[in-house]
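**Q** This is what each chain is made of:
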Amino acid sequence: MSENPQLNADGSLRHLLTIDGLPSSLLTRILDTAEGFVAVNDQEVRKVPLLRGKAIFNLFFEPSTRTRTTFEIAAKRLSADVINLNISASSQSKGETLLDTVDNLSAMQADMFVVRHAQSGAAHMIARHVAPHIHVINAGDGRHAHPTQGLLDMFTIRRYKGEFHNLCVAIVGDVLHSRVARSQIHALTTLGVPEVRVIAPRTLLPVGISQMGVQVFHDLAQGLKGVDVVIILRLQNERMRGARLPSPQEYFRYYGLTPQKLAHAKPDAIVMHPGPMNRGIEIDSAVADGQQSVILPQVTYGIAVRMAVMSMLAGN
Amino acid sequence: MSENPQLNADGSLRHLLTIDGLPSSLLTRILDTAEGFVAVNDQEVRKVPLLRGKAIFNLFFEPSTRTRTTFEIAAKRLSADVINLNISASSQSKGETLLDTVDNLSAMQADMFVVRHAQSGAAHMIARHVAPHIHVINAGDGRHAHPTQGLLDMFTIRRYKGEFHNLCVAIVGDVLHSRVARSQIHALTTLGVPEVRVIAPRTLLPVGISQMGVQVFHDLAQGLKGVDVVIILRLQNERMRGARLPSPQEYFRYYGLTPQKLAHAKPDAIVMHPGPMNRGIEIDSAVADGQQSVILPQVTYGIAVRMAVMSMLAGN
Amino acid sequence: MSENPQLNADGSLRHLLTIDGLPSSLLTRILDTAEGFVAVNDQEVRKVPLLRGKAIFNLFFEPSTRTRTTFEIAAKRLSADVINLNISASSQSKGETLLDTVDNLSAMQADMFVVRHAQSGAAHMIARHVAPHIHVINAGDGRHAHPTQGLLDMFTIRRYKGEFHNLCVAIVGDVLHSRVARSQIHALTTLGVPEVRVIAPRTLLPVGISQMGVQVFHDLAQGLKGVDVVIILRLQNERMRGARLPSPQEYFRYYGLTPQKLAHAKPDAIVMHPGPMNRGIEIDSAVADGQQSVILPQVTYGIAVRMAVMSMLAGN
Chain Z
41 MSENPQLNAD GSLRHLLTID GLPSSLLTRI LDTAEGFVAV NDQEVRKVPL LRGKAIFNLF
101 FEPSTRTRTT FEIAAKRLSA DVINLNISAS SQSKGETLLD TVDNLSAMQA DMFVVRHAQS
161 GAAHMIARHV APHIHVINAG DGRHAHPTQG LLDMFTIRRY KGEFHNLCVA IVGDVLHSRV
221 ARSQIHALTT LGVPEVRVIA PRTLLPVGIS QMGVQVFHDL AQGLKGVDVV IILRLQNERM
281 RGARLPSPQE YFRYYGLTPQ KLAHAKPDAI VMHPGPMNRG IEIDSAVADG QQSVILPQVT
341 YGIAVRMAVM SMLAGN
Chain X
41 MSENPQLNAD GSLRHLLTID GLPSSLLTRI LDTAEGFVAV NDQEVRKVPL LRGKAIFNLF
101 FEPSTRTRTT FEIAAKRLSA DVINLNISAS SQSKGETLLD TVDNLSAMQA DMFVVRHAQS
161 GAAHMIARHV APHIHVINAG DGRHAHPTQG LLDMFTIRRY KGEFHNLCVA IVGDVLHSRV
221 ARSQIHALTT LGVPEVRVIA PRTLLPVGIS QMGVQVFHDL AQGLKGVDVV IILRLQNERM
281 RGARLPSPQE YFRYYGLTPQ KLAHAKPDAI VMHPGPMNRG IEIDSAVADG QQSVILPQVT
341 YGIAVRMAVM SMLAGN
Chain S
41 MSENPQLNAD GSLRHLLTID GLPSSLLTRI LDTAEGFVAV NDQEVRKVPL LRGKAIFNLF
101 FEPSTRTRTT FEIAAKRLSA DVINLNISAS SQSKGETLLD TVDNLSAMQA DMFVVRHAQS
161 GAAHMIARHV APHIHVINAG DGRHAHPTQG LLDMFTIRRY KGEFHNLCVA IVGDVLHSRV
221 ARSQIHALTT LGVPEVRVIA PRTLLPVGIS QMGVQVFHDL AQGLKGVDVV IILRLQNERM
281 RGARLPSPQE YFRYYGLTPQ KLAHAKPDAI VMHPGPMNRG IEIDSAVADG QQSVILPQVT
341 YGIAVRMAVM SMLAGN
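Residue numbers (our numbering), protein chains in the order written: chain Z, 41 to 356; chain X, 41 to 356; chain S, 41 to 356.
So here's chain Z without its partners, still in its complex pose (with noise of 0.2 Å):
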């Protein structure tokens, strides 16, 4: 276990870098942990004051406003002071290379970083880099993870499912390009769930998917069919034209979650979606703001499970 650097000798967690890896108990305790945060949240005064004096930089080497403002908000609501850093427009512009920019915000006492970066990895090459006390977690990385998204939705699937291992979820869209669908299936195999169903063309399939424990399907009402969770991926703008799809309505035609189609799932399914919405393309709105969407939930409970994983990393 001393192995995975994301842990501590004694199991606890030092970064959240994937949830490739980390124990279901652990999986499990952070949930937990994000229920009080959800008291505190809805408390008159939303302040706890778990991270005072704590500093937590938002390195954001990509440009992502609304994930930015959960860890801002959560971090701010644990009293934490927050730096903000979108760093393409500076110094990288001087040249100056990620690790000394890491090295000179560790020696400003940092005690957090949350990354985001285009690169996969990079999230990983600044937690390898830095020194003990300081904590990383990983808000998206290339292609490769978003864990804290994975854990809202599991926290969510856990508010509204009760358990996990008497469900039935399946994955809908973009999966080959997407870190959120990756982080998602291995919490949701961690957790117990015994069927995990990716839904998608082809072409936005990676290689060896079988492999991660799911079963694939083509057709969307076929692969709905007594499903309890339905979590539909954002279909990036980049894809919706070129080679892997012929057209955005010809992408809604056969994969757009349309109120037909969800009746093929169980009648008390859950629709999620990771935000933000292509309404018209992966989803539709009758189904977006209908009654079996909890995507505004997994908005709230996002800061809370932020929340607690912040203060398990940083927290006394």
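The hints are simulated quantities; they were obtained by calculation from the structure and are not laboratory data. If a hint is listed, it holds; no wrong ones were tucked in.
Away from chain X, derived, C-beta distances all over 12 Å, residues of chain Z:
no., residue
1, 75
2, 242
3, 284
4, 287
Heads up, simulated DSSO-like pairs for lysine-lysine below, C-alpha to C-alpha not over 30 Å straight-line:
no., chain 1, residue 1, chain 2, residue 2
5, S, 201, S, 87
6, X, 201, X, 87
7, X, 87, S, 87
8, Z, 87, X, 87
9, X, 201, X, 265
10, Z, 87, S, 87
As the structure is a prediction and not an experimental result, all values here were calculated from the model. Cβ coordinates follow ideal geometry from the N, Cα and C atoms, glycine included.
We have chain Z; now place chains X and S onto it with these hints.
**A** Relative to chain Z, chains X and S alone:
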């Protein structure tokens, strides 16, 4: 009264979208509340815990460092957590709709949105959409309204002139394109100012201006005769050349406020400007920096007025 | 002494604009104060309430994430409210003058401005303009000065060498374009360093350098002989090609600090660099990451020194 989306059923303020339609008693209550915050801002420690743990989002779809800064300072002095979002560059470019963005931020347990948008009506649309516990402040929407600017102007006038019912106030300049002018006219007439004048070339006046209860002048000297308050409007750069105006020099010659022109007003008349000023175009430096100018006190009172509005909306 | 705009009549610090003209006793007092903040930054909760409720504006007319971040962290650890303003993109583009911007922010009850500007003298101009209770820190103005950098360098030297009066210090590189070098030379000579050397090609030395009380060397090995402290300056990218320098490779060959060159200094000499480094141009990685390098401690002490200056200016 319950039809006004800005007001709760009991007549208290739910949102601040426009001064139009707000009763005089409520405007007065805001100004009275602001008096207390002037004192807070003069303290050694300029901070009160009224909004501790509240999350205030500065949603700026149009850049304005100056206005954003005033709201940021006001919120921080109330101990709120402030998140600045410059939206043009982010989610919107990913194709997310305005209301999806708002829904997402609301799901992060936002307590208040301060909205600046190039489209008239944007803040109203958001206010109609959000859950009952979320409050919206319009920080400028298109040509429509900028109510906190209007309120700080009223606060400034009351501070220097004591009351409203015996005043003559002149608004000079580009009324046609000014959301500030609209807010000012509504506020002045509601608070009982008996004589409100607008002074501008025909090309910079909106159709139907005289139905707003104002007197129209095209000659600056004539219009300023005997006034107690002169409000100079900013001439937007993009208006300075083109069909409506011959040149900045020409504009200054006829409508720029010089000491000579100001001499037509009452000797104790005050001069106001919402900033940023174009010196030598709508106002001469000798006036801007002169004895009668209250342009910088306007800025100071603007913080207190914004603290008042924020605390009335989200405070307990 | 009252003629120095940086000092109050009683000799205490009102602004920090340049090290030039500050008495040795005051420099020493800043360094002594910073010692206390090194301890604060090593605490579990890195926070003191000294500047609670104070508003500190980071006025950056020239982008510098690194420097801005150090001031932001320092201010937050003192519990101040920090407002970051990147001015190039905003008010200035609306045609407002620098002093109007400063007047406006002052009217928002600013307590301190941290100013970075491409023009030499900008911070001085602002300091001359503001009301008596407002303090200005020069965070770099053109080629002129960057006093907190100079002070953190002195702090670092004192930490490693104990005292100043027995040292030989060499500054290597582009002295001509360096505001850092100017600040360092003033500080070193004021604090009693008996021998200050500059080592650079003729094209990168200002006219009249020898009148600053330094010895000039053009050969790196010769200049480093017996020194206690080596300060490497950053070679700006824009200098690397052009009339003054043949090429980055050529520069490295003659002036890049390698382990071989460093061997000419005393065995316990320390190596400093203001960052960000150009590895392989002005400094070899083996030196930058080597035993004698104190480049990262410089960053750490930089926070403490900035906290010291801020608290001495605005604290009670």
